[in-house]
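If you read the sequences in order, they're chains A and B.
Read in order, the letters of the first sequence are residues 1 to 234 in our numbering.
Read in order, the letters of the second sequence are residues 1 to 203 in our numbering.
Be careful, since some hints might not be right.
[To be verified] Now the in silico label distances, taken between C-beta atoms and shown as ranges:
no.	chain 1	residue 1	chain 2	residue 2	range
1	A	113	B	141	43 to 53 Å
2	B	148	A	115	47 to 57 Å
3	A	211	B	78	55 to 65 Å
4	B	188	A	204	24 to 34 Å
5	B	113	A	204	54 to 64 Å
6	B	89	A	41	37 to 47 Å
Hints are computed from structural coordinates only; laboratory data are not their basis.
C-beta: ideal position from N, C-alpha, C; glycine also.
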Amino acid sequence: MMRALSAARPRRRAATVGLALGLALVLPGCSAPTPAAAPEEPEYTWNQMQGEKLIALRAHGDVTRGAIAFEVCQGCHRAGALGRLDGSYPRLAGQHDTVLIKQLTDVRAGRRVNPRMLPFADRHVLSPQDIADVALYLSKLPSPPDNGRGPGVGLDAAARTYQDKCTRCHGDKGEGDASLFYPRVSHQHYRYLLREMVEIRDGVRRNANPRMVEVVKPLTDAELDALADYMSRL
Amino acid sequence: MSVARAGLRAAAVSLLAALLAAGAPAQTAPPEVVQTMCQACHGLDGNAPVSAFPQLAGQRPEYLQKQLEDFLAKRRVNDAMAPALEALNKGDIPAVAAYYAAQKPKPAGSSNERLLAEGKALYDDGNTATGVPACVGCHLAGGVGNERYPRLAGQFPEYAVAQMKAFKSGARSNDKGKVMRAVAARLSEQEMAAVAEYLAAQP
């Protein structure tokens, strides 16, 4: 994982990582050494490298321990982390470990607000090492193309929108980019994709990349619906 | 045969007998505290005679051990357990846990099929509307549990419901990671009754 990280922005990231991890080690139990700006504040920086996210990213994950740590998650995300067809719980199988670490630590820090999940993912349940373990375990699980799909309306226009606006980050086949924390969207449940895009557009989900917010901002409900449907078929 | 040789032979025989006794399965004889204390409420074979007290037969030994340690340390409190805890030494705990874990469970059983079906649905699928996770995620299919989560199969519904309510109110707080309290907080009384009915029928 560190290879993927350093491939992204070698020198600067290494320096930031070293500084932030140093601070975290000096202050044990203090997961955010310098209080980060909340998502709605102007100085908010997307995916700031600090605190337990850094610790989890630098830890060596273990698949066997990850399977055990995942037990508490599978009541909702289901065995095999396939999620639910109705999108009430997303598929986690096959997602990039970096993405999972970012999202889990964002939920814990309140950057992504998810009161339903938080009691099962908070610090008294999972340590940063557990996060690294469970992320690695999930990233290696198979994600077959049996995910929830939409009604199949407006797919041609959605395909053009996807090619035009989404492929740069999420890839031609929806594969995302582990080194840049861009999620895999292929084989994800349609209703989950739709809900998240609407919430990012409407400012309900506030931990998204600002470029992602810009892309979805002008899209209507109908356009997002078709786009989610298209992505679920990648 | 010389006296010395006879003595050696006798010593060898008694050593063998001692080794055989030590190597015998722990579950053949109940530990003393089980006979003097535990069995009054939980039964000698861990199948409680009254539904107010939990079935222990076949329970995961790790869980039994943790609960007994928690009772001794007052991390879990129950008035009915108080006299037994006075007689229980910390050193007895592994043998008591291993003994009850090795007993054959007799499921409490269910007589309400409609409620049982409702409970099975909640156990296997949870409640996506209210965020109740499926119980099967941790307690596994049929409520058999594992090294980290207790067995629930065959338990008395009265006891299971009482524990879910205690987790919900916070009266019981020795759950790992506050996870069971978070689940119970989202359970309705109807859901508690239904899932307990389902569990009672599991072998």
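Outcome of the hint check:
Checked against the hint of 43 to 53 Å, the C-beta distance between residue 113(A) and residue 141(B) comes to roughly 33 Å, which is inconsistent with it. At roughly 25 Å, the beta carbons of residue 148(B) and residue 115(A) sit outside the given window of 47 to 57 Å. Evaluation of the 55 to 65 Å hint for residue 211(A) and residue 78(B) yields a pass: the beta carbon distance comes to about 57 Å. A beta carbon spacing of about 27 Å between residue 188(B) and residue 204(A) agrees with the range 24 to 34 Å that was offered as a hint.
Distance hint for residue 113(B) and residue 204(A): a CB-CB separation of about 43 Å, inconsistent with the stated range 54 to 64 Å. Checked against the hint of 37 to 47 Å, the pair residue 89(B) and residue 41(A) fails, with Cβ atoms roughly 58 Å apart.
Hints 1, 2, 5 and 6, counting from the list given before, are not met by this structure.
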